[in-house]
Amino acid sequence: MLEKVIFFLFAVPAVVAGLAILLGTNIVRMAYWFSAMLVSVAGLYFLMGAYFLGVIQILVYVGGVAVLLAFGVMLTSRKLARLRPGRGEAVWLAGVSGVLLLGLVLSIMHAGWEQRQIVAADSISEIGRSLLGDFLGPFELVSVLLLVAMLGAAYLARPKAQTHGPRDGKGTTI
Amino acid sequence: MTPSDIIAVLKQYDAGGIVSVVADLPYPHVLVKAEHLVAVAAFLKTDPQLRFDLLRCISAVDWPANNGMEVSYDLISTSFVHTFAVKVMLDRRDPQVESVSGVWPAAQWHEREAFDLMGVRFLRHPDLRRILMPEDWTGHPLRKDYQDVVEYRGLKFNP
Amino acid sequence: MYTFERPHVEYQGLSRVIVRGAAALAGIIAPWLRRLAWVVFLAVAAMLVVFIWVVGRFINPLLPWFIRDLVVVLGLLGFACVVAIIGIWAERKVSGRIQSRLGPMRTGAWHGWAQSLADGLKFVQKEDLIPREADEPLFRLAPYVTLVPAFCAYLALPFGVGWVFRSGDVGLLFVLAMLAVEVLGVIMAGWASNSKWSLYGAMRAACQLVSYEIPMGLSLLAAVVAVGSLNLVDIGQAQAGGWFSWLVFQNPFLFLAFFTYYIASLASCKRSPFDLPEGESELVAGFHTEYSGFRFVMFFFAEYVAMFAVSALATIIFLGGWHSPLSGLSKGTQMQFVAFGDTSPLWFVLKSTFLVWVQMWFRWTLPRIRIDQVMHACVKYLLPFTLLLFLGSSLWQLYDNQAHPAFQGFANILHYGLGCVGLLLLGLYFAGAGYGYYNRNRLVGQMARNHLPGA
Amino acid sequence: MKEIELQYQPDLLHEGEVPSDIRTEELVLNMGPQHPSTHGVLRVILHTDGELVLKAVPYIGYLHRCAEKIAEKVTYRQFTPYTDRLDYLAAMNNNLGFALAVEKLGGIETPQRADYLRVIFSELNRIASHLVATGSYGLDMGAFTPFVYCFREREWILDLFESACGARLTYSYITIGGVRDDLPDGWVGRCRDFLDYFEPKISEYNDLLSFNHIFVHRTGNVGVCPPDLALAYALTGPCLRGSGVKWDLRKATPYSRYDEFDFDVPVGRGQNGTLGDCWDRYFVRIEEMTQSVRIIRQALDRLPDGPVQAKVPRMLKLPAGEIYCEVENPRGQLGFHLVSDGGTSPYRLKVRGPSFCNLSVLPVLARNCLLADISALLGSLDIVMGEVDR
Chain A
1 MLEKVIFFLF
11 AVPAVVAGLA
21 ILLGTNIVRM
31 AYWFSAMLVS
41 VAGLYFLMGA
51 YFLGVIQILV
61 YVGGVAVLLA
71 FGVMLTSRKL
81 ARLRPGRGEA
91 VWLAGVSGVL
101 LLGLVLSIMH
111 AGWEQRQIVA
121 ADSISEIGRS
131 LLGDFLGPFE
141 LVSVLLLVAM
151 LGAAYLARPK
161 AQTHGPRDGK
171 GTTI
Chain B
1 MTPSDIIAVL
11 KQYDAGGIVS
21 VVADLPYPHV
31 LVKAEHLVAV
41 AAFLKTDPQL
51 RFDLLRCISA
61 VDWPANNGME
71 VSYDLISTSF
81 VHTFAVKVML
91 DRRDPQVESV
101 SGVWPAAQWH
111 EREAFDLMGV
121 RFLRHPDLRR
131 ILMPEDWTGH
141 PLRKDYQDVV
151 EYRGLKFNP
Chain C
1 MYTFERPHVE
11 YQGLSRVIVR
21 GAAALAGIIA
31 PWLRRLAWVV
41 FLAVAAMLVV
51 FIWVVGRFIN
61 PLLPWFIRDL
71 VVVLGLLGFA
81 CVVAIIGIWA
91 ERKVSGRIQS
101 RLGPMRTGAW
111 HGWAQSLADG
121 LKFVQKEDLI
131 PREADEPLFR
141 LAPYVTLVPA
151 FCAYLALPFG
161 VGWVFRSGDV
171 GLLFVLAMLA
181 VEVLGVIMAG
191 WASNSKWSLY
201 GAMRAACQLV
211 SYEIPMGLSL
221 LAAVVAVGSL
231 NLVDIGQAQA
241 GGWFSWLVFQ
251 NPFLFLAFFT
261 YYIASLASCK
271 RSPFDLPEGE
281 SELVAGFHTE
291 YSGFRFVMFF
301 FAEYVAMFAV
311 SALATIIFLG
321 GWHSPLSGLS
331 KGTQMQFVAF
341 GDTSPLWFVL
351 KSTFLVWVQM
361 WFRWTLPRIR
371 IDQVMHACVK
381 YLLPFTLLLF
391 LGSSLWQLYD
401 NQAHPAFQGF
411 ANILHYGLGC
421 VGLLLLGLYF
431 AGAGYGYYNR
441 NRLVGQMARN
451 HLPGA
Chain D
1 MKEIELQYQP
11 DLLHEGEVPS
21 DIRTEELVLN
31 MGPQHPSTHG
41 VLRVILHTDG
51 ELVLKAVPYI
61 GYLHRCAEKI
71 AEKVTYRQFT
81 PYTDRLDYLA
91 AMNNNLGFAL
101 AVEKLGGIET
111 PQRADYLRVI
121 FSELNRIASH
131 LVATGSYGLD
141 MGAFTPFVYC
151 FREREWILDL
161 FESACGARLT
171 YSYITIGGVR
181 DDLPDGWVGR
191 CRDFLDYFEP
201 KISEYNDLLS
211 FNHIFVHRTG
221 NVGVCPPDLA
231 LAYALTGPCL
241 RGSGVKWDLR
251 KATPYSRYDE
261 FDFDVPVGRG
271 QNGTLGDCWD
281 RYFVRIEEMT
291 QSVRIIRQAL
301 DRLPDGPVQA
311 KVPRMLKLPA
321 GEIYCEVENP
331 RGQLGFHLVS
341 DGGTSPYRLK
351 VRGPSFCNLS
361 VLPVLARNCL
371 LADISALLGS
381 LDIVMGEVDR
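Residue numbers (my numbering), protein chains in the order written: chain A, 1 to 174; chain B, 1 to 159; chain C, 1 to 455; chain D, 1 to 390.
By construction, these hints were calculated from the structure, which means they are not laboratory data.
No residue lacks a Cβ here, since even glycine has one placed at the ideal position from N, Cα and C.
Any given hint might turn out to be false.
[Claimed, not checked] The calculated lysine-lysine pairs, modelled on DSS-like cross-linking and capped at a C-alpha distance of 30 Å, are: (1) C:Lys196 x D:Lys55; (2) B:Lys11 x D:Lys104; (3) B:Lys144 x D:Lys104; (4) C:Lys93 x C:Lys122.
[As the list claims (entries may be wrong)] Far from chain C, by Cβ distances over 10 Å, these chain A residues were calculated: (5) Leu9; (6) Leu47; (7) Glu89; (8) Leu106; (9) Phe139; (10) Leu147.
Please model the entire structure based on the sequences and the hints provided.
The following block contains the structure:
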């Protein structure tokens, strides 16, 4: 009983926040709704006993990704901060997301859920062992992907030749 | 160099522009024609004997009695430690003179102040705006015939 | 003359009740507070003692779990509030003493102990301003998003064995996560204020806090590797046995990791010299420029609550947690007070308080760093350095486990050497403090003495 | 007439050099008139690109109190209290400048003791003013404690002033013809006590602030003002000396018997960065305090007896004529251009405030610097708005 109450305590805000992201027009508020949704989902993880996952969700997604998202969005001008897709755009977007949702639902239905006892999903040492044991290949692959992403970001942000820095002495010559 | 030496050097350069000279203390100066001012200023600054590199002050003095607006430029040389002043006398009704801010950039703000408070227009000044008074103020307060403003933007002043 | 007409602001709803109530209460209480300052002070202290005792003794497993949880959460909330209130008062006293002033002396009777309470009362009565162009819901929400996570971090902090609300396998990560979420409120406040200064503060906060989380986490991981657990209670337990068994002295990497953690934690609390998000000489007040009244108090509280939280984390991870530095000498028995069965929370609070005091000390001593230097310091120095520390700590653990006799000897020498270095640092600190205290008249000068009777 | 090439092209209006591939919008930031680090009611419009300031345009005039217009309506003696309000942190020096201008034009001789007292008080006030500059510069950099230390020492100086003339900020002590009152009993001893206490404190400031690693990195290489730029914009005082120009009116054109004292003129050496950076301008002030202590000690040792006030008529009339007289104020050269038409009040009095000229270089220095450097720059120029706006 209590579990169900708590489930709805987290699930309803998650759904509401997700809808608010979809229906909102203010891009900054959408960023905050996004972080609210992440926190709610993290709550669901806690409810399921996956403490590690929940905490990592908050630490990385809310504390990192959502903050950077809000940061980036914040720097856009206030006029741009209000967005509203046009009618044609809305139809197009609805089609794409509908197809994606359908795919997701189908894959869930055909996933073949085995009734397997997961050995201590919240045990960090177990997670660590499986990451560096059974799933070492995918894990390393993801690491390489992240490295490539980081290099790409560094490439994009590299100082250009004509970029001015504060210490280039240009400001003081007359 | 003494003031008389400076005047001698200056006369060698441009005797035609000099209207009158005063070599005595406490205020040795030379009165030049307004159109010669920038040339004289540049000479005073760059001449190896004079090197007036520090423009100390620009002050405008209003003389309604003889219909004149006097602008004096007080100079000092940090290399030779001598002081001197250059003056121009302008027409009070429409005082305008070439800006010396190309010679001494320090003149920029002094000239803006003279424009603001005395109404002297400095030609070829890079940014001649009011500096102390609000932008939309009328009149030039330091002129002798200035009438006190009664109201400014709904703000009433008691006499 | 022209008169500026100030719009009359009428309080409404709950704020009206609060303001009226606070004003009425202040009128009644303030004179009595002054008269009975000593009694109130002692009563508050006694109540705290009783409360702690009750929580420690009578919250037994027979009670339903939610009542127990409720009591403990309320206790922690009270503790956090007390930390903030005492912290604000202490900040003013510490700054005063550092600057050869007295700090608050009048409110209450003894050294202005009621100053923060009076401040709080004043703030509650203040006009609750929301800028016209502000994003109102976010503006209202931001202080809560800042304060609540900072408080939530306390839920996982162990004050001793059994003195913890929830000790899970993820205790450390939970505390870190909560400290990370705090940023969200700060940038929310900065954006919603619709002030350019606030926006700058929020930008700086986002840059700085997100960057410094990484070295902070890495320094802590170096210690986690040494213990082999993310459970804060386990980490604390692993350091039983006095000064030399504290993790900070275990190996040189951990010794350095303590300092990198401390620096990074200063940055993540927005404390000087990293107080750029609210740097008053540059950004007026940074992200909370537009806040007044109780919302401002919440930001203020959040700062002190977070200060204590990061110091407590440093205490648990590096400084032996709740263990007394002398417990190794007294043959395994803790030094015990008669009234309490267990003195461990006292030790824990004492050590954390010391670290909080060091934060204050830094704040009133150092100038502020510029934003590019903050980022350089993090990305170019602190981040690679903490990565190296993490690596070094892991390698150390690898060799330590295999029990090479030669390495063990080497490790022991280093271990005790570092302990002695720590003792030396502490001794130097006390020597300096003593020197300052005994020469205070000379250092401050006759002028300040004449003008400050009783200093 | 030969044409002379002009060296400095006025280029106040400056185009921001934004990287071509990233289109960013300039954010216009209004700093002041109420801002903690503008040292009064200065307003600076900053054009920023993120944390980078592309252009800074100062707007002044918020503290304009028509001092020059008032001067034309009051007598010479009555104007002395108005000079207090120019640079309100160095009122003694302002009094001295005005008194000297009037005395020079009127040919008034001041007694020797008065001259010595003038030196003592203006040097004490220089220390007080530099203490404020140092302390508030620390405040601009985010270090609160040096500010309080400096004010602690300044209090002592203000106590000395109070016992001599009754005022703590607006003294009007140095009047035309000398000083207003002689020293009270025991003043010299108390002044010596202060100097003995104060001199070691200077090294304390150095330990706490000047050589602090963070402080050096915040101020070194920031706001570099090369010597030729400093001269071109007529910076004077510590700002000019910070750029390495050894120029001090007390040495160059000594007034009020400054030639009888032995002191050095400290200049910036660029020891923590480039010559003429904020740190140099700051450190010149610290070194000047030491020199001021030296001057005061000598003056106290040789303080002659005698009257402190020359005979000056109550309604002073100056001969028709004009004079430009400058003194070395803590912030630079304070000049009075005094034009007299033979009446009892000045016909025209133009005040050359050193802060006014020092501030005019701000748009040049504050290009392509960071937002935090603006407060470093403003603090190192050490402006007093009372003097800028007059």
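Results of checking the hints against the structure:
1. C:Lys196 x D:Lys55: 17 Å, holds
2. B:Lys11 x D:Lys104: At roughly 28 Å apart (the allowed maximum being 30 Å), lysine 104 of chain D and lysine 11 of chain B satisfy the hint.
3. B:Lys144 x D:Lys104: 25 Å, holds
4. C:Lys93 x C:Lys122: Answer holds: lysine 93 of chain C to lysine 122 of chain C is near 19 Å, not above 30 Å.
5. Leu9: Non-interface label stands for leucine 9 of chain A: nearest chain C Cβ at 14 Å, farther than 10 Å.
6. Leu47: 14 Å, holds
7. Glu89: 25 Å, holds
8. Leu106: Check passes; 34 Å lies beyond 10 Å.
9. Phe139: 18 Å, holds
10. Leu147: 14 Å, holds
Comparing the model with each numbered hint stated earlier shows that all of them hold.
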